[in-house]
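Visitor: Residues per chain are reported as follows:
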Amino acid sequence: MAVKVEVRAVSKDYLIPVLDRISFSVAEGEFLCILGPNGCGKTTLLRIIGCMEEPTAGEVLIEGKPLDFAHLPEHRIGFVFQEDRLLPWKTLRENVALVLKPLGGEGERGRKVATDYLRFVGLAGFEDYFPNRVSGGMRQRAAIARALAVEPEILLMDEPFGGLDAQNRRIMQGEVQRIWRETKKTILFVTHSIEEATLIGTKLVMMSARPAAVREIIENDGGADRHAIVERLNRMITEEVIRQQGLDYGFGGATPGERPMGAG
Amino acid sequence: MAREAALGGPAAKGRGAASDLSRLAERLHVSTIVVFVLVLLVWRALSSAFGSYVMPPPGAVVAGLRRVLVSGELWKHAGATFYRIVVGFGLALVAAITMGLLASAWRQARIAVHDVIAVLNSTSVFVWIVVSLIWFGLTDMAPMFTTLMITLPVLASNVVEGVENVDPRHLEMARVYRLGEWERFRSIVIPSTIPYLVAGMKVGFGLALKVSVVAEIFGVTSGVGYIMNYSREILATDMVFVWAAVMILIMMLTDKLVFEALSRRVQRWR
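Going down the list, the protein sequences come from chains S and V. When the first sequence is numbered by the working numbering, its final residue is 264 and no position is left out of the sequence of numbers. When the second sequence is numbered by the working numbering, its final residue is 270 and no position is left out of the sequence of numbers.
So, partial list: chain S residues that the calculated Cβ filter (under 10 Å) puts toward chain V:
hint, residue
1, 52
2, 78
3, 81
4, 85
5, 88
6, 89
7, 94
8, 100
9, 102
10, 131
11, 133
Capping the alpha-carbon separation at 25 Å, the derived lysine to aspartate or glutamate pairs in DMTMM-like fashion look like this:
hint, chain 1, residue 1, chain 2, residue 2
12, S, 203, S, 216
13, S, 90, V, 164
14, S, 90, V, 181
15, S, 101, V, 181
16, S, 90, S, 128
17, S, 101, V, 172
18, V, 76, V, 233
19, S, 101, V, 183
Bear in mind the hints are in silico, worked out from the structure with no lab data behind them. Just so it is clear, the structure is predicted and the values come from calculations on it, not from any experiment. Beta carbons are placed, not taken as given, at the ideal position from N, Cα and C, and that holds for glycine.
Using the sequences plus the hints, can you model the full thing?
Guide: Now the structure itself:
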């Protein structure tokens, strides 16, 4: 299958290095999950791929063409944020229709397309509700409808279900899998939940703690035993969290002050 | 007791009725009525102790209110005051929105706008009254200008605060989906600023009323401020109280009828 997204040695420094020469590729129609401990830079990576931030080094290729960070990308991106980021003063339909305007979907046509996508994510009948009148899960569905409505070539999702309760989370995981099967979109999905990643991803990229590097890439196409993968990833993430918090010198082994802050 | 309540026993029923009653009392503002009656009693006592020049009795004020209502004086003076406020306040609104637009469009302007607001905020009402008397003489323009200059910092600081509090996450969403400059302004900046503007208008209008009547003491021959001062000069203290009551009523009515309705309207999505 054709390579849709290629991340080549992408590094990002703020005051300290955050991303360290990240490389991986995503095939067309693949469902890639980016995994890693909290705060390791997963979101930064997704924002770079979404052209919202410029890397310090390295490049991102979409269908072989490098992203030009100085200009708006030619390809269409659907981005689902951690929070829904719907405009509270617009109805669900108006929220979806809004992003169609730059694509020439003004007026009645935009409304029609918005209605169709809201129906597709299971929000038929709620088109004229304000976001504050529906549940968090429904708001996130509307955000997904908005992302799909621009007919994106790649769909980027940044822990979209992090704010939802366990039941809603499970339902939304099923939904996003259905959407992926029916639309055949290439999806890049950031999460810190191994459970979630192994359930919905076809390819898993495990990141290490700061500065984040790719620790392992695992194919999750149903061939390998899922439980074994979960086990392995759990072990890795625990190691990373321990390393991230500077505990790897052994519990109780050192007295406070022996190690400089931030080392490790 | 707690168990009985949980089971819906007699105690629960009794408490339910009591809470219904207290809710009814809340809706009717019973406590306010009690305070009002107490104030009336104290007022009457003071009036008979000090005489009606110092403290006219409540009955005289009610009678005076009826008199100005029948004679049409009420509409003449309240109308004049209201007209000046609306003009001065309206100009302040235009100026404040302009300042907000500048602050949202241009970072350097934002700093200047902040500083201008700080200076205006620190300027006394009396400065504007005296200056406007010099500039505009004994005309309508003097109270209008004073109202303009006093309400401007209140309105402007609210508008600028609104502009600055636009959620950057919404702006980022707009960038990802490549919304144009105008669409971003229309769909995000304006709607998030409007609640701040309305809150500022509510406070600003109250201030406008309080300030414009002070400005009316000087130089004009109509308006609530003028007639109040005139009543004092002819030793009609009861009429001073009448016009004070008129002012309070105007304030409460515009607040209830205009601004509460307006803020409900602009926040119907909440």
